[in-house]
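**Student:** If you want the building blocks of each chain, they are given just below.
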Amino acid sequence: MGFVSRGFRGKRRDNVSSSRVPPGQYVVTDFPVLSAGPTPHVNLDQWTFSIEGEIDEPKKWTWKELSALPADTVTKDIHCVTKWTKLDTTWKGVSVDTLMEGVDTAAEFTTVYSDGGYTTNLTLDDVTGNKAWVVYEFDGQPIEPQHGGPVRFFVPHLYFWKSAKWVRGIRLQKEEHPGFWESNGYHIRGDPWREQRYWGD
Amino acid sequence: MNSESHNHARLAATTQVEEARLDGNAIGGLLREIFAVEMTAAVGTCAFCGAVNEVGRVQVYVRAPGTVVRCPECEQVLMKIVRGGGRYWVDMTGVRCLEFSEA
Amino acid sequence: MARAAVLGRLAWQFGTLAEVVQETPRVSSLYLDVPDWQGHLAGQHVDVRLTADDGYQAERSYSIASAPDDPRLALTVERLDDGEVSPYLVGELRVGDRLELRGPIGGFFVWRGEDDRPLLLIAGGSGVVPLMAMLRHRANVESTVPARLLFSSRTQADVIYRDELSRLGAAGDGLTVFHALTREKPAGWSGYTRRIDEAMLKEVAWPIQESPAVFICGPTPFVEAASQLLVAMGYEPRSIKTERFGATGGTA
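Protein chains in written order, with this note's numbering: chain D, 1 to 201; chain A, 1 to 103; chain G, 1 to 252.
Among the hints, a few may not be true.
Said to hold, decoys possible - For each label pair, taking beta carbons as the anchor points, the in silico distance ranges come out as:
| no. | chain 1 | residue 1 | chain 2 | residue 2 | range |
| --- | --- | --- | --- | --- | --- |
| 1 | A | V90 | G | V21 | 19 to 27 Å |
| 2 | G | G39 | D | T48 | 57 to 65 Å |
| 3 | D | D139 | A | I34 | 49 to 57 Å |
| 4 | D | P70 | A | V43 | 31 to 39 Å |
| 5 | D | T90 | G | S211 | 39 to 47 Å |
| 6 | A | I34 | D | F3 | 34 to 42 Å |
| 7 | G | R98 | D | W193 | 34 to 42 Å |
Unchecked claim - Some chain D residues flagged as far from chain A (calculated, every beta-carbon gap over 10 Å):
| no. | residue |
| --- | --- |
| 8 | R6 |
| 9 | G7 |
| 10 | R13 |
| 11 | V33 |
| 12 | F49 |
| 13 | G53 |
| 14 | E65 |
| 15 | Y186 |
| 16 | R189 |
| 17 | R194 |
| 18 | R197 |
| 19 | D201 |
To be clear, the hints were calculated from the coordinates, so they are not data collected in a lab.
Backbone N, C-alpha and C define an ideal beta-carbon position, used for all residues, glycine too.
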């Protein structure tokens with residue numbers, strides 16, 4: 001063991017080994033805000049969500065239309081690649097399965113894209129089968145802008161960088177296109193249970 | 001959703017993110033690790049808008065999975081730096097050209 | 001000294017805490033003996049790294065408060081209630097403890113004694129630290145370059161280095177110190193009692209024709225407001241150098 005700063009504890013973190021905490025993570029009770037850029041100004045009157053790309057007829061919903069779709073309220077644990085895990089977070093939104101109803105596609109991959117230019121890539125398999133939502137409420141309240149509101153992507157079985165804030169659409173693709181972080185060192189898939197943080201993990 | 005509460009939240013969020021935004025001085029140590037010379041006085045040209053600024057003047061977001069450096073004029077990404085697992089990944093495609101002294 | 005301060009990968013080194021000086025109720029200066037210290041320029045900072053016994057590490061940047069020729073390396077730290085590193089530095093760290101640091105870092109936000117332009121320094125709270133290193137250096141090298149410090153603090157009790165700034169301002173070597181308080185109007189206070197605005201800058205800042213060197217340091221919103229005011233007043237943007245502190249009080 002190298003140098004230790006006498007008496008330094010650091011922020012509250014529980015290194016509790018638990019079946020709910022993936023390897024290398026610690027549990028937090030607050031909700032850290034991470035930002036890669038300025039918070040986009042989103043006008044719900046002009047906002048739309050699209051499914052486009054490898055699809056016969058691209059789909060688009062306005063905020064009014066999306067918020068009228070059947071919604072799920074789900075409680076999940078979330079895991080950030082920067083090592084914090086937050087347990088039992090509750091979100092409300094529309095399942096991607098609902099949005100993809102009736103869609104016929106040869107695509108195996110997707111790019112989820114947001115206001116401000118952020119992108120993340122996910123396999124179609126990782127966003128379907130009750131694994132991903134387009135959410136607009138956190139803990140019963142509209143999602144705050146710094147946490148990606150009014151609408152963000154939510155795919156909790158993967159590291160939280162994949163849950164793109166300020167989401168605007170899903171592009172269906174035949175080929176994989178690494179997103180903002182995946183093209184710069186972060187793992188193409190990001191499964192916290194296999195600790196897939198970086199390239200080569 | 002009530003647009004007034006949304007706007008209020010937006011203003012608060014803008015302030016919080018504004019406070020979290022630093023400048024190139026904040027990554028002086030990180031850049032020194034990568035380039036092995038002091039870089040905050042280095043001058044970069046933005047590949048998007050052509051703005052020319054010393055590293056000390058650029059916008060830096062450090063509370064993220066990696067460090068994101070943006071042009072103070074057009075806010076496009078100049079650099080992305082990720083560090084982990086014993087490696088660095090540096091994307092400088094947003095910088096057309098970087099000028100710095102020999103000593 | 002300047003060359004050594006610019007080249008080469010920085011190594012982490014240790015300083016030993018020799019003395020603590022409390023500046024205000026929340027701010028203390030740490031005086032460190034750093035055996036392998038290569039010297040620094042006024043305005044530079046160090047990165048400090050703390051390691052817990054389970055290996056967890058936290059790193060923050062702190063501006064160097066001491067002048068290049070001062071015998072010890074000084075860091076002035078504001079203790080933030082919800083901070084992770086500052087409550088350790090101001091409160092737990094004891095004389096004799098070692099502190100891991102690397103530096104000096106910074107080549108943009110520096111003032112060299114040979115600079116003969118009038119000097120305008122604008123500080124918001126703990127943003128005064130690197131500017132104090134500049135003023136201490138200016139005094140050490142006996143520079144008579146005209147200098148003005150506009151220092152914004154919350155209350156009178158929060159004014160860091162208040163006595164030392166009084167002494168420096170009374171030395172008759174061309175330095176004038178202006179204070180602005182944003183949350184208090186004490187009886188008998190002769191300084192400003194409001195946030196920095198254009199009218200205040202018009203009274204304090206050197207005229208544009210004097211081509212002053214301007215350094216602004218503090219929290220991001222403060223720095224951007226002051227900088228934008230000066231640019232709107234016609235000051236050359238390239239002559240204004242800024243350093244933004246995060247909510248943590250340091251540059252990270």
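**Student:** Run every hint past the structure and note whether it holds.
**Tutor:** Hint by hint, here is what the structure shows:
| no. | hint | verdict |
| --- | --- | --- |
| 1 | A/V90 / G/V21: 19 to 27 Å | 40 Å, violated |
| 2 | G/G39 / D/T48: 57 to 65 Å | 58 Å, holds |
| 3 | D/D139 / A/I34: 49 to 57 Å | 40 Å, violated |
| 4 | D/P70 / A/V43: 31 to 39 Å | 55 Å, violated |
| 5 | D/T90 / G/S211: 39 to 47 Å | 58 Å, violated |
| 6 | A/I34 / D/F3: 34 to 42 Å | 24 Å, violated |
| 7 | G/R98 / D/W193: 34 to 42 Å | 39 Å, holds |
| 8 | R6 | 23 Å, holds |
| 9 | G7 | 24 Å, holds |
| 10 | R13 | 17 Å, holds |
| 11 | V33 | 7 Å, violated |
| 12 | F49 | 15 Å, holds |
| 13 | G53 | 23 Å, holds |
| 14 | E65 | 14 Å, holds |
| 15 | Y186 | 6 Å, violated |
| 16 | R189 | 15 Å, holds |
| 17 | R194 | 14 Å, holds |
| 18 | R197 | 6 Å, violated |
| 19 | D201 | 7 Å, violated |
In this structure, the earlier hints numbered 1, 3, 4, 5, 6, 11, 15, 18 and 19 are contradicted, and the remaining ones agree with it.
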